Each structure stands twice: as C-alpha cells, then as structure tokens.
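Since the structure of chain A is already known, use the hints to place chain B on it.
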Amino acid sequence: MNRYDCIIVGSGPAGLEAAVNLSIRGKNFLLFGNENLSIKLETAPRIDNYLGFPGISGRELQRRYREHLASMNIPLRTEQVNLVYPMGDYFSVATNKNTYQASTIILATGTSPAKLLPGEERLLGRGVGYCATCDAPLYRNKTVAVVGWSNEAALEANFVAELAKKVYYLPVRKFSQTLRDNIQLITSPPVEILGEHQVEALRTKTETIPVDGVFLLRDSIAPSALVPGIQVENGYIVVDADMQTNLPGCFAAGDCTGKPHQLMRAAGQGQTAALAVTRYLDRKASEQ
Amino acid sequence: MLELNQETFQDFIKGETPALVDFWAPWCMPCRIFAPVLEDLSDELDGKVEFGKVNIDDNPDLASQYGITTIPTIILFQQGKPVTQMIGVHSREKVLSTITSHL
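Line by line, the protein sequences are chains A and B.
Letter by letter, the first sequence follows residues 3 to 290 of the working numbering.
Letter by letter, the second sequence follows residues 18 to 120 of the working numbering.
Next up, chain B with everything else stripped away, as it sits in the complex:
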C-alpha cells in the first residue's frame, strides 16, 4: 500500500483507477489489526483498485479535510470524489463487497 502525504494525495485519488485510502495512526491498535487485511485485499484487487494509506499524525490537514474523527476510516475515491466510506474495523468480506459494489 502506498504511503500518501499532502503532496501525493490529490494525484493518487484522481487517477483512472478507483482509489481506496486508509486513514490510520501508529498508536491506533485496531488500525494495526486492520492493516494486514487491507494489504491482503490490495493484492486481491490488484489492477482494479489502488490502495493507499494516510498517517493522520503526519498529515493532520488531510484528516480534517475529510472530517476524520475516528480511525481507522477508509474512503473509496473515484476520479477524486469520495464515493463511500467505512468507519471502524469491518470483516474482510464486508470491505470487499462494499468496494466491489461501487466498481
């Protein structure tokens, strides 16, 4: 998963391929558990969805721009626009079905 920052974020979400962004922080225990699940899905959806992550400690402006008040939060973008978001940790199947229903 691509580590995103203020400079690279906009280009990433505006790409041709839908982009899923994981907002996380190193001190967030549930984020640590969720991360490998998203890594796994990024392999499964290779070529269909680009996966990236934003460390909200390093990028507080991105977090506030997207109104992140709970982490983990994942947002799916298409052509730069958020199409759906999931707050908290969900089962692998639920994340997969939510993403694919928007493709």
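Pulled out of the complex, with its shape left as it was, chain A reads as follows:
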C-alpha cells in the first residue's frame, strides 16, 4: 500500500493552509474534507477581522480558497474519514470507501459535534451508529432512521435504503439529493432515542417513530472516537506549540484544538502543523 507523508482531515482554513504549505514543501499528502469546505465559513455573512480582506463574505473567501487549491493542483477528497489509527510508525486511515496509510496526520476537524441526543451514548452500538456505510448491512430488511447534518448524509440515507426495508430521513440542514422511494422525509427535529437494551424508537418533536436503528451523520466525529487514544480536554484536542498531539506524528490545528474559533488562528495553526510535519518527516528520515 502506498504510504503518504501526511493525511489532512478537514477542509476548513486550518486543513487548507496545512495543505498549501505541504504542497509548497513538496510533500506527498491527501486532503480529506467536505464539498463546501467549511459550513461555518459558508454561512458567515461578513468577516471583518481577516487581515487584508475587510468585510469579505464567507462565500467569497470560500471561492478564493477553492481557486487557491486549484492553482496549486491540490485535490480535495470528499470521502468521510471514520477512523485514524496509530499503528506504531505510521497511521491507518479508514474512510467510507477505502483505507490509507500515512506517516503523519493533521487533524483539522473543526469544533466537536453538537450536543448528544438523549439516549445516544447509552444505545451506541445497540442500534445507534455513526457510519451508515459501515453498518448498513446489519439492517437488512429492517427499519432505520437517518439523521443527516450534511448533503452527503442524504447519499448515505440512499445507500441504507438499498438494504433496509424502510428509511426515515431527518435532515438537520437543507440538502439537494433525490431520495429513494422507500425513504420517508421527516421534517420534525429529533429529540430522543428510545429503547431499553436496543434502539426501539426515535422521538421527534411531534411523533414517536418505531425503528430498529438510528444513524447520526454529523459533519465531524468527536476526536476521541475518530482517533483512539488521543488526549482530549473539554472536547478539545490537546496540542503543544508545534501542534503536536500526545500521539507522535499526529498533529492538530484549528477549532478542534480550542478557542477562540477564528479563521486566522485556524489558518496559522494549520501552517504551524504543516511545518512541524515537515520537520518530523525530516527527523524520521535522518534517523533511518
């Protein structure tokens, strides 16, 4: 298997700035992220503290980010990263489509997901899942609810619907995908997951829907679930001044490392992480 120098997880300012710097340094890396780069950026109407661009809109900045990537021939992969696992002197990365290997990792996954739903933690692995493409085959001929935070979530709901008998899709944000015939759209927001030993139903604001499973597809997985063994405090990844985490070779940058959640801080950390990665790789190379 091809071993990359680095895999960047996240396409906000931290991940993109890391990608730009790794590209300048001639590193062999992969960039994973969302089609819209960053939902927070996309929805920012006006930004006044981005040096050199007073009053710029989030969408305009997003457009410039895209142009910047294109001008440097940096491809963005929209596969969802489900797991980053330290294997000793390298990392294995599982997406919904493939597995990859890299010598280093830069986590730029943004802020941790919103509050958990009541019942979510207790029923995790007992009908509650975070990866539809991983676990959908366990729900053949069953009834499943999919709660989707992103446009890709609707695609995953379609995949689940190929196997499940019936799927309820609850979009948290607007989406543009066409849903399969056996998917019923529910617009009332989810409130609680019910069940004693296994998931039995999903309660929304207006009704209780009996289901065998619930997939919660957020834009980002909590760092501790994404990277087993990573040190997290108050929901943020702990890093040193070089953006190095407690796992050697694994770096983190941007909102996932703490406050303030600001574009320039994130970009600066992304750059710091990329340069630390190059130093780390050079050191490893000279040791061999």
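Simulated from the structure, these hints should not be mistaken for lab results.
Just so you know, not all the hints are guaranteed correct.
Claimed, not checked - Derived, one-sided and incomplete: chain B residues facing chain A with beta-carbon distance under 8 Å:
hint, residue
1, A42
2, P47
3, S108
What the hints assert, rightly or not - Taking lysine-lysine and the DSBU-like style, the derived pairs with C-alpha atoms no more than 35 Å apart in a straight line are:
hint, chain 1, residue 1, chain 2, residue 2
4, A, K261, A, K286
5, B, K98, A, K144
6, A, K144, B, K31
7, B, K98, B, K111
8, B, K111, A, K99
9, A, K117, B, K111
What you are looking at is a predicted structure, and each value in this text was computed from that prediction instead of being measured.
Using N, Cα and C, we set each Cβ at its ideal position, and we do this for glycine too.
Just chain B now, with coordinates in the frame of chain A:
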C-alpha cells in the same frame, strides 16, 4: 485468530480459557485496521486468552444473538458468558487493559 462459525462458536466460548471474539465483516474498513491489532494481542496474551473471529455476513444468526449492530465489536467470554464488550475501534493499550482487568 480462529475463524468461528455457528458450529464451532459455543465450544470455543465455553473453554477453560477466557475467549475474545471479534465480530467483523470484510466490507468494514475499521475492522480491517483493527484486525492486525487483535492478532498482535493474541500473540501477547497467548495461553491466557483465546482469540477468535466471527464473520457476521456468514453468521448473521450469531450476530443477532449477541445484538451486534455496529462492527467491529469485541466480546470477552468466560465459561460461555459475556463479561465485557467493546464497540468500535480502541487503542491497543485500552483493549489490553480492559481484557486484563477481567482476567
């Protein structure tokens, strides 16, 4: 790690030695990453814990009997009874400490 099926499963978990079973499937990417970690632990715990794996595609009845809805899931059995289970992929150290705390 021993590949288990409907016929061999019960004898395996009822043995004298505690038994750890990995429920997995070939299409599960995280399972593929976790597998070598468990292989490695099976060497380290040789003689103390028997390691086996169940392909849930080939053995859907075993998966539903143990309420498996997310993979990978590992379950530690003693004399045929499940004593602890871990859902998803965990660090090597966490798996090792969880197993040894039940021995």
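For each hint, the structure was consulted:
About 7 Å separates the beta-carbon of B:A42 from the nearest beta-carbon of chain A, less than 8 Å, and the hint is met. Look at B:P47: its Cβ gets to within about 5 Å of chain A, closer than 8 Å, so that hint holds up. The interface hint given for B:S108 holds, since its Cβ lies 3 Å from the closest Cβ of chain A, which is under the 8 Å cut-off. Pair hint A:K261 plus A:K286 holds up; C-alpha atoms about 32 Å apart against a cutoff of 35 Å.
Proposed proximity of B:K98 and A:K144 is supported: the alpha carbons are some 28 Å apart, at most 35 Å. A threshold of 35 Å between alpha carbons decides the hint, and for A:K144 with B:K31 the separation of about 32 Å falls inside it, so the pair holds. The hinted pair formed by B:K98 and B:K111 meets the criterion: a straight-line CA distance of about 21 Å does not exceed 35 Å. Restraint check: the Cα-Cα separation between B:K111 and A:K99 comes to about 27 Å, which is no more than 35 Å; the hinted pair holds.
Between A:K117 and B:K111 the CA atoms are separated by roughly 25 Å; this keeps the pair inside 35 Å, and the hint holds.
Of the numbered hints listed earlier, not one is contradicted by the structure.
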